[in-house]
Amino acid sequence: MADYDHIPTLKENIDRATVDSVLSLDVDKYKYGFETDIESDMAPKGLSEDTVRFISAKKNEPEWMLEWRLDAYKRFLTLTEPTWAKVHYPQIDLQDMYYYAAPKSTPAPKSLDEVDPALIAMYDKLGVPLREREILAGVERPNVAVDAVMDSVSVVTTFREELAKVGIIFCSIAEAIREHPDLVRKYLASVVPVSDNYYATLNSAVFTDGSFVYIPKGVRCPMELSTYFRINEKKTGQFERTLIIAEADSYVSYLEGCTAPMRDENQLHAAVVELVALDNAEIKYSTVQNWYPGDKDGKGGIYNFVTKRGDCRGANSKISWTQVETGSAITWKYPSCILRGDGSRGEFYSIAISNGHQQVDSGTKMIHLGKNTSSRIISKGIAAGFSDNTYRGQVSAHAKAKNARNFTQCDSLLIGDTCGAHTVPYIESRNGSAVFEHEATTSKISDDQMFYCQQRGLNEEEAVALIVNGFVRDVLQHLPMEFMVETQKLIAISLEGSVG
Amino acid sequence: MTTPILEIRNLHARIEEREILKGVNLIIPPGEVHAVMGRNGSGKSTLSYVLAGKEDYEITEGEVLLDGENLLEMDPAERAAAGLFLAFQYPIEIPGVATMTFLKAAINAQRKARGEGELSTPDFMRAVKTAGTELNVDTDMLKRPLNVGFSGGEKKRAEVLQMALLQPKMCILDETDSGLDIDALQVVSKGVNALRAANRSMLVITHYQRLLNHIVPDVVHVFSDGRIVESGDKDLALQLEAKGYADFDGAAA
Ligand SMILES: Nc1ncnc2c1ncn2[C@@H]1O[C@H](COP(=O)(O)OP(=O)(O)OP(=O)(O)O)[C@@H](O)[C@H]1O
Ligand SMILES: [Mg+2]
Chain A
0 MADYDHIPTL KENIDRATVD SVLSLDVDKY KYGFETDIES DMAPKGLSED TVRFISAKKN
60 EPEWMLEWRL DAYKRFLTLT EPTWAKVHYP QIDLQDMYYY AAPKSTPAPK SLDEVDPALI
120 AMYDKLGVPL REREILAGVE RPNVAVDAVM DSVSVVTTFR EELAKVGIIF CSIAEAIREH
180 PDLVRKYLAS VVPVSDNYYA TLNSAVFTDG SFVYIPKGVR CPMELSTYFR INEKKTGQFE
240 RTLIIAEADS YVSYLEGCTA PMRDENQLHA AVVELVALDN AEIKYSTVQN WYPGDKDGKG
300 GIYNFVTKRG DCRGANSKIS WTQVETGSAI TWKYPSCILR GDGSRGEFYS IAISNGHQQV
360 DSGTKMIHLG KNTSSRIISK GIAAGFSDNT YRGQVSAHAK AKNARNFTQC DSLLIGDTCG
420 AHTVPYIESR NGSAVFEHEA TTSKISDDQM FYCQQRGLNE EEAVALIVNG FVRDVLQHLP
480 MEFMVETQKL IAISLEGSVG
Chain B
0 MTTPILEIRN LHARIEEREI LKGVNLIIPP GEVHAVMGRN GSGKSTLSYV LAGKEDYEIT
60 EGEVLLDGEN LLEMDPAERA AAGLFLAFQY PIEIPGVATM TFLKAAINAQ RKARGEGELS
120 TPDFMRAVKT AGTELNVDTD MLKRPLNVGF SGGEKKRAEV LQMALLQPKM CILDETDSGL
180 DIDALQVVSK GVNALRAANR SMLVITHYQR LLNHIVPDVV HVFSDGRIVE SGDKDLALQL
240 EAKGYADFDG AAA
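Protein chains in written order, with numbering that gives the first Met the number 0: chain A, 0 to 499; chain B, 0 to 252.
It should be emphasised that the hints constitute simulated quantities derived from the structure, not laboratory data. Worth double-checking, as some hints may not be accurate.
[What the hints assert, rightly or not] Cross-link-like lysine to aspartate or glutamate pairs, in silico, DMTMM-like; alpha carbons within 25 Å at most:
hint, chain 1, residue 1, chain 2, residue 2
1, A, Lys57, A, Glu174
2, B, Lys103, B, Glu62
3, B, Lys111, A, Asp447
4, A, Lys370, A, Glu461
5, A, Lys443, B, Glu15
6, B, Lys103, B, Glu117
7, B, Lys103, A, Asp447
8, B, Lys111, A, Glu174
9, B, Lys21, B, Asp66
10, B, Lys168, B, Glu31
11, A, Lys399, A, Glu427
12, A, Lys370, A, Asp387
13, B, Lys168, A, Glu459
14, B, Lys111, A, Glu461
15, B, Lys103, A, Glu460
16, B, Lys111, A, Glu60
17, B, Lys189, B, Glu117
18, B, Lys103, A, Glu495
19, A, Lys185, A, Asp248
20, B, Lys168, A, Asp447
21, B, Lys111, A, Glu459
22, B, Lys142, A, Glu459
23, B, Lys168, B, Glu62
24, B, Lys111, A, Glu427
25, A, Lys443, B, Asp74
26, B, Lys103, A, Glu459
27, B, Lys168, B, Asp122
28, B, Lys168, B, Glu6
29, B, Lys168, A, Glu461
30, A, Lys73, A, Glu60
31, B, Lys111, B, Asp66
32, B, Lys21, B, Glu57
All values derive from a computational prediction rather than experimental measurement.
Hey, can you work out the whole structure from these sequences and the hints?
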């Protein structure tokens with residue numbers, strides 16, 4: 000239904016002429032009131048109110064969602080880019096980007112023969128099935144359909160049906176906005192407010208993809224939920240939005256990403272992930288992140304600026320983040336937990352590997368608000384090549400967080416002399432009963448260890464991979480089985496060329 | 000004459016400008032066990048490191064052949080794959096890497112280097128179990144990170160276990176007996192003796208004649224100031240035990 004009465008008040012900043020011309024057009028087709036042809040696959044270049052309207056229209060969103068996005072956009076205009084992270088990159092020109100279905104800046108490869116041989120070599124080592132490679136490498140007209148790769152529509156349908164039997168909702172965020180508006184309105188931005196930070200605000204205005212999960216009271220999700228099973232709209236958005244809600248006494252384990260590197264045309268990725276755990280609920284969120292880090296000079300790599308936050312809203316609820324980070328040119332990421340419910344628990348297990356010219360600034364925040372809350376942080380940073388790897392962590396206890404407990408262990412491993420590792424802990428306690436422990440180590444792979452392994456027959460790269468896998472063992476153990484095995488291979492590959 | 004497993008000719012090596020090996024000559028034919036005894040600091044471990052290819056040393060003169068092949072041209076991993084094994088005097092800790100994982104990685108790395116296929120997990124498990132039982136290494140220890148928190152004796156047993164699994168041509172045991180209690184000495188010696196074979200040779204570095212009652216050597220060498228100054232049969236060890244090294248100092252030609 001056209002709602003053109005509404006338009007002039009909604010967008011006071013748009014000049015009268017535009018509004019008039021919109022109003023004079025076919026109302027149904029242009030019900031969202033902007034100039035761009037919505038049949039087009041591309042949003043106008045740059046960030047504007049029109050872009051926001053275009054995206055919302057493309058997604059067939061209800062009016063309330065459009066307003067929500069426009070509100071975020073207005074707030075965004077008042078913000079400036081943060082500079083506190085220890086990463087350096089050329090200024091990102093937000094007006095020089097596309098926010099929906101960007102045209103390819105370089106022509107897509109026509110077959111695997113035209114794909115960067117380094118990428119093919121990596122697929123070999125990871126054992127990526129042949130039929131999946133064309134999709135991952137972004138071949139123009141792959142011989143298989145995306146949904147065939149994602150284990151065919153029927154499998155996904157069966158999968159969703161099985162979940163539906165126990166009342167679990169697992170769908171794209173766009174579908175959730177249309178089909179489950181009450182849940183979305185109740186929880187969206189309830190963990191990461193629209194105005195939380197520069198990238199989160201930007202995401203709120205222009206997000207285009209992401210997952211929605213709802214686990215009803217008392218239900219233990221019978222399988223690991225993986226983005227792999229959710230049919231993505233053809234292009235993975237650069238601005239993803241994920242919302243996971245676990246009702247009282249429920250449990251869910253969610254896997255994001257995959258070990259195979261994906262070619263992606265988008266330079267900037269700014270996702271927002273929100274988790275809500277109610278009384279006694281548990282959410283386990285695991286990520287393996289292996290975006291194309293760029294060529295050997297770092298060109299073409301991805302900037303990954305993510306806001307991930309879990310809210311332990313209910314008593315005795317638990318949220319744990321486990322992440323393996325290897326890709327991206329620049330990573331800026333701090334999965335956090337708000338420990339609001341009494342007796343709630345937050346965990347953060349992280350492996351961050353940087354090589355070449357990669358820059359990683361990652362860590363976590365544990366905000367203790369409730370009584371008897373506890374948190375545990377285990378971070379393993381591995382830096383090689385010319386990379387820079389920073390752990391930034393904050394642990395705080397509110398005055399009411401009686402008996403809050405935190406244990407943090409932060410280990411860095413340096414490979415070679417040209418990389419850097421840094422640990423930046425912020426600890427803040429506003430009550431005397433809180434006990435926070437922090438341990439940090441920085442080590443190097445010793446020549447003696449290398450020689451010992453080589454004496455047993457391992458070559459330099461095998462020796463480094465083995466030692467690094469040992470270094471990250473405490474974290475690996477927290478990954479679901481399938482991710483664990485793949486991650487060990489991925490670690491070896493990420494560190495290739497780091498010695499000798 | 001059959002090709003010796005190990006042949007060292009006039010080997011000189013230095014570390015940080017200081018010459019440690021000053022002309023080592025040694026030939027070990029297939030199947031023989033040679034013992035090396037010598038004062039602290041005389042260069043025994045240095046010899047074992049140089050043979051295994053540790054980077055820190057500069058070889059200024061000499062030649063080493065492993066089963067007829069130029070050993071000094073190979074990198075350490077190639078030497079291992081070619082059949083050279085060193086049981087370290089001070090085994091190194093590898094945190095987080097389960098002993099079992101390490102063993103499997105080592106075996107498969109060597110097989111790969113020799114162009115052989117990976118050992119299947121059941122075959123590997125069987126081999127580990129057999130070797131472990133023989134050396135009194137229980138499965139619990141195999142699950143622990145390699146050498147981390149192992150007692151001195153456990154470390155030495157783990158070294159011999161690796162040797163048994165890797166089936167090398169040339170075994171160098173650097174003071175494998177030090178730190179072993181009486182029972183463990185028996186067990187380890189039994190394990191080493193079980194590995195004696197017509198096509199496998201051993202160089203056993205020790206300070207104690209007692210070990211040589213268990214692992215009876217074909218030849219005993221006295222090492223002094225960077226070279227071998229005397230060689231003889233197993234009775235030479237008894238002689239050393241009685242008189243000490245004084246008689247042999249400066250005896251080299
Ligand atoms: N990095 C180094 N720099 C200088 N000198 C070294 C270095 N490493 C070893 N050495 C010296 O080389 C000499 C030989 O040492 P080596 O460890 O080979 O002796 P060893 O015969 O094995 O003694 P032990 O019976 O005590 O084990 C010693 O004097 C030692 O101090
Ligand atoms: Mg020594």
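Structure-based check of each hint:
no.: 1; hint: Lys57(A) x Glu174(A); verdict: holds (12 Å)
no.: 2; hint: Lys103(B) x Glu62(B); verdict: violated (32 Å)
no.: 3; hint: Lys111(B) x Asp447(A); verdict: holds (23 Å)
no.: 4; hint: Lys370(A) x Glu461(A); verdict: violated (47 Å)
no.: 5; hint: Lys443(A) x Glu15(B); verdict: holds (22 Å)
no.: 6; hint: Lys103(B) x Glu117(B); verdict: holds (9 Å)
no.: 7; hint: Lys103(B) x Asp447(A); verdict: holds (20 Å)
no.: 8; hint: Lys111(B) x Glu174(A); verdict: violated (51 Å)
no.: 9; hint: Lys21(B) x Asp66(B); verdict: holds (23 Å)
no.: 10; hint: Lys168(B) x Glu31(B); verdict: holds (11 Å)
no.: 11; hint: Lys399(A) x Glu427(A); verdict: holds (13 Å)
no.: 12; hint: Lys370(A) x Asp387(A); verdict: violated (37 Å)
no.: 13; hint: Lys168(B) x Glu459(A); verdict: holds (23 Å)
no.: 14; hint: Lys111(B) x Glu461(A); verdict: holds (12 Å)
no.: 15; hint: Lys103(B) x Glu460(A); verdict: holds (16 Å)
no.: 16; hint: Lys111(B) x Glu60(A); verdict: violated (57 Å)
no.: 17; hint: Lys189(B) x Glu117(B); verdict: violated (29 Å)
no.: 18; hint: Lys103(B) x Glu495(A); verdict: holds (21 Å)
no.: 19; hint: Lys185(A) x Asp248(A); verdict: holds (19 Å)
no.: 20; hint: Lys168(B) x Asp447(A); verdict: holds (23 Å)
no.: 21; hint: Lys111(B) x Glu459(A); verdict: holds (14 Å)
no.: 22; hint: Lys142(B) x Glu459(A); verdict: holds (24 Å)
no.: 23; hint: Lys168(B) x Glu62(B); verdict: holds (19 Å)
no.: 24; hint: Lys111(B) x Glu427(A); verdict: violated (53 Å)
no.: 25; hint: Lys443(A) x Asp74(B); verdict: holds (22 Å)
no.: 26; hint: Lys103(B) x Glu459(A); verdict: holds (16 Å)
no.: 27; hint: Lys168(B) x Asp122(B); verdict: holds (21 Å)
no.: 28; hint: Lys168(B) x Glu6(B); verdict: holds (13 Å)
no.: 29; hint: Lys168(B) x Glu461(A); verdict: holds (23 Å)
no.: 30; hint: Lys73(A) x Glu60(A); verdict: holds (19 Å)
no.: 31; hint: Lys111(B) x Asp66(B); verdict: holds (20 Å)
no.: 32; hint: Lys21(B) x Glu57(B); verdict: holds (12 Å)
Going down the numbered hints, you'll see the structure goes against 2, 4, 8, 12, 16, 17 and 24, while the others check out.
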